[in-house]
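Colleague: Line order of the protein sequences matches chains R and X. Position one of the first sequence corresponds to residue 1 (our numbering), numbered consecutively onward. Position one of the second sequence corresponds to residue 235 (our numbering), numbered consecutively onward.
Please note that the accuracy of each hint is not assured.
Below are the DSS-like pairs computed for lysine-lysine, each with C-alpha atoms no more than 27 Å apart in a straight line [as the list claims (entries may be wrong)]:
#: 1; chain 1: R; residue 1: Lys-211; chain 2: R; residue 2: Lys-150
#: 2; chain 1: X; residue 1: Lys-324; chain 2: R; residue 2: Lys-127
#: 3; chain 1: R; residue 1: Lys-127; chain 2: X; residue 2: Lys-239
#: 4; chain 1: R; residue 1: Lys-150; chain 2: X; residue 2: Lys-239
#: 5; chain 1: X; residue 1: Lys-249; chain 2: R; residue 2: Lys-177
#: 6; chain 1: R; residue 1: Lys-66; chain 2: X; residue 2: Lys-377
Simulated from the structure, these hints should not be mistaken for laboratory data.
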Amino acid sequence: MIELHEVTKQYGSLTAVDRISLSVGRGEYFALLGPNGAGKTTIVKMLLDFTRPTAGTMSVDGISSKEPASRTAVGYLAENPRIPPNLTGWQYLLRSAELLGMRRTEAIDQGEKIVELVGMKGREHTKVNTYSRGMIQRFGLGAALMGNPKLLILDEPTSGLDPIGIREIRLLLESLKQQGMTILLNSHFLSEVEKICDTAAIMNSGRLLLKDSISSIIKDGETLEDVFVRLVKG
Amino acid sequence: MKTPKAHSIVFIVAKYTFADEVRQKSMIVIFLISALSVFLLRECYKGDYMVNGQALSADAIAWTLSKVIFHIIAAGAMFISALLTMRVFKRDRDEGMLSCILAKPIGRWQYVTGKILGLWALSVLFMFILHSIVTFITSLSMKTFIPAYLVASLICSFNLLFVVLAVFLLSLMLPDIAAFLCAAAIGLISLAVNGIYSLSQSQMGQAMMQQSAGAIPSGVSWWKALYYCWPNLFGTQLSASSLIGTDGGMPVYPLINVLLYCLILGVVLLRRFRNEDIV
């Protein structure tokens, strides 16, 4: 579903991503891990063509990430998502649907299901400026799910959520995985990643340190956190 | 799910841009104040005016006033248009709509074109409503409808397109307020250039140049060059206003000048935005 080949991104003299090659298969639940500044968000931005790689190629579903068509079946939740404060959560969902070319009746049907799915039933018609950060996060996730994407790119989806919210999102993502959705997750919540992801890649200073299945990464009684700290510090 | 057609995405983005601007309280306040001010101007049509000791006819008063107000509204609309445009890109970025839109199968040209169309449509509507109020007042005063006034308003809409494109482009490179000030400077220079050019073409100006023989001509030629090369916003306004009343034919050059600038700015803006990092 996702292919990166020798991808490099430089900002002046700073190398944010250094010759990274990796692939994420269809239906895979993939975690991109690394400390702040490791280059995870840069990779996500390049996948969405928010910024162009300095070198290398990347594709989504076989289409170069430079082409808008590569985002046809992609849902994206940004780190710290924002929604225009003068809209309601419901209006935001409908906007997302319309931008995807969905018919209004179809958008309303799916919107109602999604509002329930993200646990925001009853709050969807109030203005976004009355929402907490966690509620914006949920509507952001809801908007990413509009149009039934094949690939979901989530940048820190549980930041700002309380423990119950984190658990609900985890269960939701697990159910999406059951439906065959490919999920790329950027997260610092290593315990969550350990519970739900199939594969993980660990990055540091723009370089890929490790990419393997979670079961292969965690050995000899170690947790994912232990491996992460050992690799990043070592 | 079917992929939407390119032009329908442009119109969706334009629709949301228009709706978001209209929702802004500041926009509503500006519009109401402008409409009220224009409406209050109807009192000016009722006064008695004397020129060289002779009373002006009601028709002459109506024509003159409607022309003066035409220019004030057209210039004011450019100012408002620049104010609206200068913060659009930043607001979309700050409120998350930019990443929301561009994370979908939407090209950057579609986003930019939609933004331009939405802002242009709003600015044109703003100006057209104000001009329509003046048309209504003038028509009542003269007891005859003046469609040329509205045609002139539509011609001035190309000035608004120029302002939207210029401020949008400048706001990608400069702070918002600097983009606004640059656009305002372009308009003011256009006003000065047109004033000097018109003076140089008038009988009085010609006489002055002949009197001061060698000194002025090189300066005048600079202004002439500026008149032809600088974005001729005020010239377009003057051309459009020549349709109102009996000034004769409409000079086409200023309009061509502004349209050419719009084309150039549009191309540069699309190229610039294509390489912009989305944060």
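Colleague: Quickly compare the C-alpha distance for Lys-66 of chain R and Lys-377 of chain X to 27 Å and report which way the hint goes.
Modeller: Violated, at about 61 Å.
Colleague: When you check the alpha-carbon spacing of Lys-324 of chain X and Lys-127 of chain R, does it fall within 27 Å?
Modeller: With a Cα-Cα distance of about 21 Å, the restraint between Lys-324 of chain X and Lys-127 of chain R holds, given a limit of 27 Å.
Colleague: Decide if the proposed pair is consistent with the structure: Lys-211 of chain R and Lys-150 of chain R, CA atoms, cutoff 27 Å inclusive.
Modeller: holds, 22 Å
Colleague: Under the criterion that the straight-line Cα-Cα distance not exceed 27 Å, is the pair Lys-150 of chain R, Lys-239 of chain X satisfied?
Modeller: holds, 21 Å
Colleague: Going straight from one Cα to the other, do Lys-127 of chain R and Lys-239 of chain X come out at no more than 27 Å?
Modeller: violated, 31 Å
Colleague: Are the Cα atoms of Lys-249 of chain X and Lys-177 of chain R separated by 27 Å or less?
Modeller: Not satisfied, since the Cα-Cα distance of roughly 35 Å exceeds 27 Å.
Checked against the numbered hints above, the structure violates hints 3, 5 and 6; every other hint is satisfied.
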